[in-house]
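Q: Sequence:
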Amino acid sequence: MQKFTTIILILAFAFIGATKVEAQDFQGKAYYFSKTTMDMSRFGRGRQMNEQEKKQMEDRLKSMFEKTYVLTFNKEESIFIEEEKLAAPGAGRGMGMFGSSFSPGPQYKNIKEGLYLQDQEFFGKQFLIKEELESIEWVMGTETKQIGQYLCFKATAKKRSTQVNIGPPPRRENTETKTDSIKPIEDADKKEEENMIDVVAWYTPQIPVSQGPSEFWGLPGLILEISAGNNTMLCTKIVINPEEKTKIIAPKKGEEVTKQEYNEIITAKMEEFRANRRRGGGGRR
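For the sequence shown, the residue numbers in mature numbering (1 follows the signal peptide of the UniProt record, and there is no 0) are -23 to -1, 1 to 262.
Hints were generated in silico from the structure; no laboratory data involved. Quick reminder that beta carbons are idealized off the backbone N, C-alpha and C, glycines included. A portion of the hints provided could be inaccurate.
In the BS3-like style, the derived pairs of lysine-lysine whose C-alpha atoms are separated by at most 27 Å in a straight line are [unchecked claim]:
#1 K102 - K122
#2 K89 - K52
#3 K246 - K52
#4 K131 - K224
#5 K214 - K44
#6 K89 - K229
#7 K52 - K102
#8 K122 - K236
#9 K102 - K214
#10 K230 - K246
#11 K222 - K136
#12 K230 - K102
#13 K136 - K12
#14 K135 - K52
#15 K222 - K102
#16 K229 - K6
#17 K12 - K89
#18 K32 - K89
#19 K6 - K32
#20 K224 - K136
#21 K222 - K135
#22 K32 - K230
#23 K6 - K131
#24 K12 - K122
#25 K222 - K122
#26 K12 - K236
#27 K224 - K89
Between beta-carbon pairs, the in silico distance windows are [what the hints assert, rightly or not]:
#28 Q103 - F3: 26 to 36 Å
#29 Q123 - K6: 17 to 27 Å
#30 R256 - E111: 37 to 47 Å
#31 M117 - R254: 41 to 51 Å
#32 A252 - F3: 43 to 53 Å
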């Protein structure tokens, strides 16, 4: 009975909200705050950092992992762009181009055409990440909560992570090596399981567009909050039909690559970076 009531509520909100998106020139803007947590135990060059050292490292990384974004959307298209802001003195010191190269560029989604594009610069080279819009198998829940003036419903999913490790590699435990033929299968299964992340979304049928921040979409309402792995994005402001419209333009420039190809490029660059540090004395004991 509760589930049936929830479905009725969703349909009612969708019907009410639909009147706001009927206009051909409908557009909205949603502002998000993003925060990413990192496992600080992986830093410290092989030793355990104390609380003061962890705090100093977190402050240095804060500018890299606390961002604000704007999602401009209509019924079919959206583009998700990081807001530019001045960094606090000393914040992210030493990161420079290294840090900016790992910030996601403008992300474009076209629901009608099933297209995902990302304009990405990496160490001075321009890439255009192009993919089919990935379908997410959402599990609709009955739980609700209020975000600002909007009633939101919960949905969950499992999704393959596209995040690339930019920190130190995880410590490897000394375990006995298996020699049987099952080991490669076990390793592949373990890697696949490690690459899957839990996703929790809160969407509002009061804005009945199938859009959301970053690569997330596919729910019967705008996604106002999303938690995926160690990253959380929360909508802090919404403007429906702003006086000044922003033209949503699909990125076009750069070397065209898939997401997997781009991640392989980053991974290879990181391995090269670590190797150079070791050769330069970073690995001396």
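Q: Look at each hint and say if it fits the structure.
A: Here is how each hint holds up against the structure:
The straight-line distance between the Cα atoms of K102 and K122 is roughly 43 Å, outside the 27 Å bound, and the hint therefore fails. Restraint check for K89 and K52: the C-alpha separation of about 9 Å stays at or below 27 Å, so the hint holds. Taking the CA atoms of K246 and K52, the gap is about 38 Å. The hint is violated against a cut of 27 Å. Under the criterion of a C-alpha separation no larger than 27 Å, the hint pairing K131 with K224 is inconsistent with the structure, at around 31 Å.
The hinted pair formed by K214 and K44 meets the criterion: a straight-line CA distance of about 15 Å does not exceed 27 Å. For the given pair, K89 sits about 18 Å from K229 by alpha-carbon distance, which is consistent with the 27 Å threshold. Using a Cα cut-off of 27 Å, the hinted pair K52 and K102 is violated, with the two alpha carbons roughly 33 Å apart. With a C-alpha separation of about 34 Å, the suggested pair K122 and K236 falls outside the 27 Å cut-off, and the hint is violated.
A C-alpha spacing of about 33 Å is found between K102 and K214, which places the hinted pair above 27 Å, so the restraint is violated. Our distance criterion of 27 Å between C-alpha atoms is met by K230 and K246, whose separation comes to about 22 Å. As the CA atoms of K222 and K136 are separated by approximately 33 Å, the hinted pair breaks the 27 Å bound. Note on K230 and K102: the hinted pairing holds, with a Cα-Cα distance of about 11 Å set against a maximum of 27 Å.
Between K136 and K12 the CA atoms are separated by roughly 19 Å; this keeps the pair inside 27 Å, and the hint holds. The suggested pairing of K135 with K52 holds, with an alpha-carbon distance near 26 Å, which does not exceed 27 Å. Between the alpha carbons of K222 and K102 the distance comes to roughly 31 Å, so the proposed pair goes past 27 Å and is violated. About 22 Å separates the Cα atoms of K229 and K6, which keeps this hinted pair within 27 Å; it holds.
Restraint check for K12 and K89: the C-alpha separation of about 30 Å exceeds 27 Å, so the hint is violated. As the CA atoms of K32 and K89 are separated by approximately 45 Å, the hinted pair breaks the 27 Å bound. Taking the CA atoms of K6 and K32, the gap is near 34 Å; set against the 27 Å cutoff, the hint is violated. Of the pairs offered as hints, the one joining K224 and K136 is violated, with about 30 Å between alpha carbons and a cut-off of 27 Å exceeded.
The straight-line distance between the Cα atoms of K222 and K135 is roughly 35 Å, outside the 27 Å bound, and the hint therefore fails. Between K32 and K230 the CA atoms are separated by roughly 39 Å; this puts the pair beyond 27 Å, and the hint is violated. Restraint check for K6 and K131: satisfied, since their Cα atoms lie roughly 21 Å apart, inside the 27 Å limit. Pair hint K12 plus K122 holds up; C-alpha atoms about 20 Å apart against a cutoff of 27 Å.
Between K222 and K122 the CA atoms are separated by roughly 30 Å; this puts the pair beyond 27 Å, and the hint is violated. Annotation: proposed proximity of K12 to K236 holds, straight-line Cα distance about 22 Å (limit 27 Å). Note on K224 and K89: the hinted pairing holds, with a Cα-Cα distance of about 17 Å set against a maximum of 27 Å. Separated by about 32 Å at the C-beta atoms, Q103 and F3 satisfy the suggested range of 26 to 36 Å.
With their beta carbons about 21 Å apart, Q123 and K6 fall inside the hinted range of 17 to 27 Å. Checked against the hint of 37 to 47 Å, the C-beta distance between R256 and E111 comes to roughly 39 Å, which is consistent with it. For M117 and R254, the Cβ-Cβ distance of about 47 Å falls inside the hinted range of 41 to 51 Å, so the restraint holds. Taking the beta carbon of each, A252 and F3 are about 51 Å apart, inside 43 to 53 Å as hinted.
Comparing the model with each earlier hint shows violations of hints 1, 3, 4, 7, 8, 9, 11, 15, 17, 18, 19, 20, 21, 22, 25; every other hint is respected.
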